[in-house]
Structures are given as structure tokens and as C-alpha cells.
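2 protein chains.
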Amino acid sequence: MDSPKGSADQEDLAQLNAQLAELNERLETHLELLRLDQQAGGQVQRKLLPAHRQTINGVSCDYWLQPALYLSGDFLDFQRFDDRFTLFYFADVAGNGASSAFVTVLLKLLFSRWLSEWDATQAESMPARWLAQLNRELLDTGIGKHATLFVGVIDRRTRELHYSLGAQLPKALLVSEGAVLELPGEGMPVGLFVDAEYPRLTYRLPPNFRLWLCSDGILDCVPGATLDLRLKEIERRVQASPSLKGLCAGLTYKLPQEMDAEGGENWELSDDLTIMVLSGFTDDHE
Amino acid sequence: MDSPKGSADQEDLAQLNAQLAELNERLETHLELLRLDQQAGGQVQRKLLPAHRQTINGVSCDYWLQPALYLSGDFLDFQRFDDRFTLFYFADVAGNGASSAFVTVLLKLLFSRWLSEWDATQAESMPARWLAQLNRELLDTGIGKHATLFVGVIDRRTRELHYSLGAQLPKALLVSEGAVLELPGEGMPVGLFVDAEYPRLTYRLPPNFRLWLCSDGILDCVPGATLDLRLKEIERRVQASPSLKGLCAGLTYKLPQEMDAEGGENWELSDDLTIMVLSGFTDDHE
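Going line by line, the protein sequences match chains A and B. Just add 1 to wherever you are in the first sequence, counting from 1, and you've got my numbering. Just add 1 to wherever you are in the second sequence, counting from 1, and you've got my numbering.
Calculated from the structure, these hints are not laboratory results. It is possible that some hints are incorrect.
Any copy will do: because identical chains look the same in the list, a pair fits if it lies in one copy or spans two.
When the alpha-carbon atoms are kept at most 25 Å apart in a straight line, the in silico SDA-like pairs for lysine to any residue are as follows [what the hints assert, rightly or not]:
#	residue 1	residue 2
1	K246	L206
2	K48	R36
3	K48	D196
4	K233	N58
Full structure from sequences and hints, please.
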């Protein structure tokens, strides 16, 4: 006869069940609150990004941005100054989530200001000067965050890319005529060292180029035992990808599915992952 | 004989229990992830606040800031320009949480810049000019958020407060010699209207004054059937409070306890709540 013990167990179980169910409900309420908050933050952040698949001065820009959580430490912009100059940047703030997202909002503000103070007579030096200024302002806020950046200005008339950069990895990759090369240059991260100086670089863009920028989150999404092997793998894939979609499709094996309502299962992305591609001059009949 | 049915129920219960326990674990993991993220964001945000209980140019500043969640839409600063001028602001960004916190980071940056571009020869007009500039910059970022602000400059030599404001509620309250008065002035919120203009106001500070600034979250923490009654109640309490601590103590009846590990229970604060008090010239033997 195990029925008395059985029903005692059963009572205990029922009680435990009720407790668990109640705890569940509280957790879900709390989670929903935080999730809604972060979603709202994510919406604001996405508003600050440029339009997808736009063409300015003969150069098309597209990008794909996937935060590890709801808020991203990766950020980018691509804006027309006039009929001749197009300005852009690609940033990866150290860490991810809310604290890093704060910095991306600063970047947007400072980029808006840069556009409004742009001096076309000094196009070559502007990216490096902007980075130096950004570095100072970020240090001044005391936010305690640093970022890697690539900043570029495309001159439609000369077809030159004037650029500067800080500690970017992987480096910007230029694909043209089936060949791929790393854009040269090195620089210090932004927001770490007072009076850091940034390189002034220029590269003449070939016809039918694609310029790829990837945040370091991509390193978690390609196979390879060492960093070097992964960078090579990224180069290989970039070279073989005619489009952003093509490159992204090959990365999906480690990417999360759409987050499910319960959450928890699909938080596979350990870092923000962003890819930006500029392509150009093909259809430019100027 | 209910034993067969009983043990079937028991099996079901045990299975349900296991499922609930597993779901709980997933919810907790997910919640922990979001919570850590927001906490990190909150830490960065607190780093941007001025030191507590500091005295600059004969004026002491203290404040109490309690976000509804981890990130605050309320924000303030209090900084020395030189031996004569002290600059401060008190802001309440519409909404709360991550999206509003983004704006507070912009405010910090723009205030740092304001300090560095400060023009002492135009002290009276600087607060209004800063608000107008802030308004433009906030609109330019496209962040889609607005804020109410009080901006002040205290001139130690003349003992004047030059200030400007946008849609602040409750208004700044000045207590001196046992009397309390609302500082006069009205202005439009920041980040809503292009080309909004802000008032240029000056008030000569009495000896032994206390200037109180409260975010509208305080309206949820005092009794009163109407807005007017609550504002009167706040005036009454401010008048009777010799210190920040004294005022805060009287508000606790609706404030959350420290958030517990499980969360959910203590989320009572529906809006961020911030109180800032400046007091001065008592010990100024200049």
C-alpha cells in the first residue's frame, strides 16, 4: 500500500508546482519589462542608422547589423555631403549591450556635427581630424568606453577614398576584378589615449569595387583554429560573395534564430555582428 | 481505490514540475543576461553624474537619483567653470529606461562641450543659448526623444542665478528664510520644435538659500487628489526639509525596496525619480 505516502508526495508536488508556477509568472513579468525596455532602446538605435541599400554619388551602401542582445555596440553611418563627397564610418564599441550602445549615440551626434562642419578643401585630412576630435570628446565624457573605427570620405570626382582608422579588425577589404586586398593603415582605438593621432590615408578606388567592413563579431562565425586562419577565411568568403546576402548566408550556421518568446534557447551570438558593404561607380555615368 | 489514478496524477505532476523547473532556469538565465547588461549600462550612466555632496564656489550640490529600472531618463550635472561661475542642469527625458538614457549621454557630451566653449562675458544669455543649441542637436540626431530641462549659471561675484528652462514640472523651488517660491519662467521642451527659443532669466539668490529641483516622478510619491494639490504638497515638504535626506525620507512610502534577486515584487516606481538641491553662500567667506 503506497497510497498514503503517494498522496503525501502528491500534495508536496502540487504545492511545489504552484510555487514554481508563481515564480515563473514573476520571472516572466520581470523579463518582459526588461525586454520591452531594451526593445524600445533598440528601436531608437535603429532609427539612427542610415537607410538600407541606398546609393549616393554613384556608391551604393548596404549593411547587416545583428546585436548580441537588443542593443548594439556596432554602429555605422553613410551620408551625402554634396554631389561630390560621401562620408561614412563603421564603428565597433568595446563590449556590447546598453553601455556600448550609449557610445553609438554619441557617434551619431558627432557625425551629424562633422557633416555640418565639413570642409571640402581639406577632404584628405578630415577623417583623421574627426577621429582625433572624437577621441578627445569620448575621453572628456568620462564614459570609460573605447571603440575601433573606420572613417571614410569618397570623392566622386577623383574616385579617391580618403580614410583614417583606429585598431580595426578585421581590416577593410577591397574587392575588385576578382582580387581582394586589405586597405593599408593602422591606428589607435578611439577613447583610450589622450592626444592619440590618426593616419591620413588615401586610396584610389578601382572601377566596380566592393569595400567590405566587418565587426570582429564575424570572427566567431567562421571556422578556423587560429585568428589568422579565420581572417583568411573571411577574405576568401568576401572575395567569393557578389552580395551582402551571399556573405551573410554563409555565416548563418552559428547565428541565432529569431529569439523565441521564452528566450534563453537562442542566445548564441556572443558579440554584435555587423557587415557593411560599399560598391561603386559601375552605374555612374557622370 | 484511487491509487492507480493517484499515481498517474503524480507522474503528470512530476513531469509538469520538471518542465516548470526547466523553464524557470531558462527564464532566470535570460533575465540574468538582460539584468547584467542593464546594470553595466547603469554603471556607465552613474559615472557620468557629478560627485555627491560637493561644494563649488560657495554653493553645495547634492542629489538623489532613483531609476524606475536600471537606466534613468533623469540626469543632472554641476560643474565649476572658474572661481566665479558654476554651471549646472537638471533634465528629465520623456519616458524612462534605455531609450531615454541614450539622451542623457548626449546631454553629458554637450554639457562638456558647453563648459569648454563657455563665454563669461555673456553669462546671462548662455543658458538660453545652450538650450536652443541642444534643441537643434537633439532634433538633428533624429533620436525622436524630448526632454524638460532647467539650466543654470551661478555667478559667485554678483550672487545671481542666470537660468533658462524648458517645460519643467515641478518648477524649481527656492527656499530662503523659511519661505518658498517657484522660480518664474516658462519654456518649450527640448527636442520637439525646430527653432524653439528659450527664456533668458536672472534671479538674485538670497543668503542661505536652498534651490530644489525635482523630476516629475516625485508626483507619484506624494499624496493629493489633483496635480495642484500634489505640487502644493511638494512645496510644503520642500519648505520643511532642512536636507535632501529629510525630503527623501518622507517619500519612501511608495518607493521600492532594494530589488530582490528574483525581481518582480518590488517594481513599484513607475517613473524615474530625481531630486537635486543646491544650497549656498552660508559658508562663503570670500
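- [ ] Kindly indicate which numbered hints from before are broken by the structure, ordering the numbers from low to high.
- [x] 4
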